[in-house]
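A.B. asks: Residues per chain, in single letters:
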Amino acid sequence: MIAHWAILSGIEGNLRALEAVLRDLQRQRPPITTLYVLGDIIGLKGQNDAVVQRLQMPDLEPLDPQICIGWWEEQCFNLFGVGLSGEVPELIAQQGEAAVGQLWESISRSSVQWLRSLPFGFHELDCLLVHGSPVSASEVLTPATSPAVLCDRLIRADANQLFCGRSGELFDCWVRAEALTSEVKTLDGRETQTFDLPQRRLIGVGSVGRQSGMASYVLYQPGNNQLKQCFVRY
Amino acid sequence: MDTCQVIVVAGRWGAGKTHWIRQQLAAQSWQEALFYACPGYGAMGVDLVRMGYLYPRLQVLPTISLEKCWNTLPKEGQFFLEVGYHLDVHRLQLPVASVKRVAIATPQETEFCHWADEVIEPAVSLPAIAPTLPELWQVELTGQVFDPPSLDELLLELTEGAYGQVQRLKGIFELPDGQAFAVDFCLGLGEIEYTNLNVPPWLEGRPQRWSGLELIGYHLDKAAVRELIADAVLSDTVLAQYQVHYRTQVEAEG
Amino acid sequence: MKYAVISCIHGNYEALNAVLLDIDRQRVDQIYCLGDLVGYGPYPNEVVEMIRSLDIPTCQGCWDEDIVMGLNACECSYPSQLAEKRGRRAHEWTNRVLHPEVREYLAQLPMSLRQGNLCFVHGSPNSQHEYLLPRMHGFAALERVLAAQADVLFCGHTHIPYVRYLREGKIRVHHRGETPQEFQASVKMIVNAGSVGEPRHGRPNATYVIYDTDTQEVTLREVPYDYQKTCAAILEQGLPPIFAWRLARGMEFAERADDPHHVCQR
Numbered sequence: 001m002i003a004h005w006a007i008l009s010g011i012e013g014n015l016r017a018l019e020a021v022l023r024d025l026q027r028q029r030p031p032i033t034t035l036y037v038l039g040d041i042i043g044l045k046g047q048n049d050a051v052v053q054r055l056q057m058p059d060l061e062p063l064d065p066q067i068c069i070g071w072w073e074e075q076c077f078n079l080f081g082v083g084l085s086g087e088v089p090e091l092i093a094q095q096g097e098a099a100v101g102q103l104w105e106s107i108s109r110s111s112v113q114w115l116r117s118l119p120f121g122f123h124e125l126d127c128l129l130v131h132g133s134p135v136s137a138s139e140v141l142t143p144a145t146s147p148a149v150l151c152d153r154l155i156r157a158d159a160n161q162l163f164c165g166r167s168g169e170l171f172d173c174w175v176r177a178e179a180l181t182s183e184v185k186t187l188d189g190r191e192t193q194t195f196d197l198p199q200r201r202l203i204g205v206g207s208v209g210r211q212s213g214m215a216s217y218v219l220y221q222p223g224n225n226q227l228k229q230c231f232v233r234y
Numbered sequence: 001m002d003t004c005q006v007i008v009v010a011g012r013w014g015a016g017k018t019h020w021i022r023q024q025l026a027a028q029s030w031q032e033a034l035f036y037a038c039p040g041y042g043a044m045g046v047d048l049v050r051m052g053y054l055y056p057r058l059q060v061l062p063t064i065s066l067e068k069c070w071n072t073l074p075k076e077g078q079f080f081l082e083v084g085y086h087l088d089v090h091r092l093q094l095p096v097a098s099v100k101r102v103a104i105a106t107p108q109e110t111e112f113c114h115w116a117d118e119v120i121e122p123a124v125s126l127p128a129i130a131p132t133l134p135e136l137w138q139v140e141l142t143g144q145v146f147d148p149p150s151l152d153e154l155l156l157e158l159t160e161g162a163y164g165q166v167q168r169l170k171g172i173f174e175l176p177d178g179q180a181f182a183v184d185f186c187l188g189l190g191e192i193e194y195t196n197l198n199v200p201p202w203l204e205g206r207p208q209r210w211s212g213l214e215l216i217g218y219h220l221d222k223a224a225v226r227e228l229i230a231d232a233v234l235s236d237t238v239l240a241q242y243q244v245h246y247r248t249q250v251e252a253e254g
Numbered sequence: 001m002k003y004a005v006i007s008c009i010h011g012n013y014e015a016l017n018a019v020l021l022d023i024d025r026q027r028v029d030q031i032y033c034l035g036d037l038v039g040y041g042p043y044p045n046e047v048v049e050m051i052r053s054l055d056i057p058t059c060q061g062c063w064d065e066d067i068v069m070g071l072n073a074c075e076c077s078y079p080s081q082l083a084e085k086r087g088r089r090a091h092e093w094t095n096r097v098l099h100p101e102v103r104e105y106l107a108q109l110p111m112s113l114r115q116g117n118l119c120f121v122h123g124s125p126n127s128q129h130e131y132l133l134p135r136m137h138g139f140a141a142l143e144r145v146l147a148a149q150a151d152v153l154f155c156g157h158t159h160i161p162y163v164r165y166l167r168e169g170k171i172r173v174h175h176r177g178e179t180p181q182e183f184q185a186s187v188k189m190i191v192n193a194g195s196v197g198e199p200r201h202g203r204p205n206a207t208y209v210i211y212d213t214d215t216q217e218v219t220l221r222e223v224p225y226d227y228q229k230t231c232a233a234i235l236e237q238g239l240p241p242i243f244a245w246r247l248a249r250g251m252e253f254a255e256r257a258d259d260p261h262h263v264c265q266r
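Protein sequences, first through last, are from chains A, B and C. Under the numbering used here, the first residue of the first sequence is numbered 1, with each subsequent residue one higher. Under the numbering used here, the first residue of the second sequence is numbered 1, with each subsequent residue one higher. Under the numbering used here, the first residue of the third sequence is numbered 1, with each subsequent residue one higher.
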């Protein structure tokens, strides 16, 4: 069977958008072999518990869902006291004070527990799939990000393709770096070295639920590196 | 008739006794049965276990005393008997017939030279001998699995003399990926030597096969070494996490 | 201007005194300190008092942070379980002996300091725990200097001093359907100040650096001192004897990440 990945992010609790995308996946050829969900499963766009349950339903099993956490999940963990910090300054700064109460109300303890069991990301073949960047789930990467930052994140990713979802945008860009001379002097000697970064690819996977009425995601065939950007109206 | 040829090998620590026996084994056609024992190191020891792993067809005999060795002496074949440096060769109770005494020693080590039928010069020059014999200390580690970078630090500190003047270190250690390693070090002979024992990976619970550490040295701070070991081995929880990880990896590759 | 930059004193009062004496002889205009005043060594209070009394601008190190906030060094920043357990013992001891006013001082230290085009941090601009090792990928190193918005980035934390010049790197970003974006950095420098009190370069001597802004010249200084005194004090104070053994050999291992790009995902 030809490996054919569907990669999505940013459902943000939008069950209608998720259903529309899942229907769209059904008709893709070659058939989808793996479904990657790169975080932001929950959010303030509808029914968080319903989306969490939907992703665990048996009809998705043939798609072998690989789900990792995103920015919203990290906010939720902090809010429920199971995260790295007991505070949610990022949530307040980006979504306003009211979001704190709304998020708290919108999700059950058991859903939080399930989300807590998800990984940070996936290293598969020569690809790294994460929500934000290899550094954190909050970091936004786009082609407009400072080239030095992009270069560093791709070095850290240690992969030829980096898929990410934080920006919610669809993009497909290449980064290449060359001819940096590094001279190091220590107490015991001197060493000169030249550094390059062979061409690497950065892919934005769009957002399923952020924009009402229009979902986006990507399809990827690891066998031939072919990428397809998909839009679904619902 | 008793046709088992007994080859008793003696010499100081680091002289190359095991090395010489391995050379003899390498030259064998393995037509006849071959035996190996290493009295003076308790029932089990690093050399015994290691030889067993390295030569699956070699029959290693766990021995506590030499007498026991003779009682269980096989009827035919060749029997390599490696005598610990700390045993007095002149007091060894050897059977009368079919015994060859080999000493790995310099001409200055008259005690060995007088005893032996054949004296072989050590392949390497060893540091001068102190007037007193160093102490032999064995720690059994069966079931213990080491955090790999901690094991590196532990071996570095032991061999560099942080816990007494270690002359010789031998060990068999288990790692969380299920592999077991043999480690060999002799003061003055350079780097620590590592050998992968190529045993089946142990990825379910604590390994139920022998592992341990042997130190030959002066003024060994045993309490501190015990504490060092305790700090370097994995807890049940951490070991279980590692094993889950490596099992998945094995399954993915398999 | 001539700056002396010191780092990672780790409660080693003898070494600090020797370094300050050496700095006096070099006639510098200003001293900067990159943190880790406490931890491992036997005189944490005395070291902090000395730095305070001389009014040396100092940024916060990972040990200073941990002592103030409670031990939260991420596990992945220790090179081994052994190092971690020893680190914990050192932490507990330091936590017990530290004076309240010293703790307050450490708590208010800034994460970074700035002087013109120079930036001073303990580990990296990202975190006090990140190691900028001399062999780290050149473009990753370049990103750290740019992140600090500086031309010269001073750091410590690795306990081995070095100076690294980064020249002529070119990065090209090609976004499908748009004109490629090209970026070329000017010459940047990373200067690691080594360690005053817990050297790791294989000799027991204290290390620090001097930077001359006029000539842009960096001098790595190695200063012998009576380390046996510190070793004796380590034993006297009941700290693990292995710290003394390692200090005498310049092989302290504090914290060290094996992976220079190590990403903390705690």
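Hints in this document: simulated from the structure, not taken from any laboratory. Here a beta-carbon is modelled for each residue, glycine too, at the ideal position from N, C-alpha and C. Watch out, some of these pointers could steer you wrong.
Said to hold, decoys possible - Label pairs and their calculated CB-CB ranges:
| no. | chain 1 | residue 1 | chain 2 | residue 2 | range |
| --- | --- | --- | --- | --- | --- |
| 1 | A | Glu191 | C | Asn117 | 24 to 30 Å |
| 2 | A | Ala98 | B | Gly205 | 48 to 54 Å |
| 3 | C | Arg96 | B | Gln23 | 53 to 59 Å |
| 4 | A | Ser117 | B | Ile192 | 38 to 44 Å |
A.B. asks: Going through the numbered hints above, which ones does this structure break? Give me the numbers in ascending order.
C.D. replies: Failing hints: none at all.
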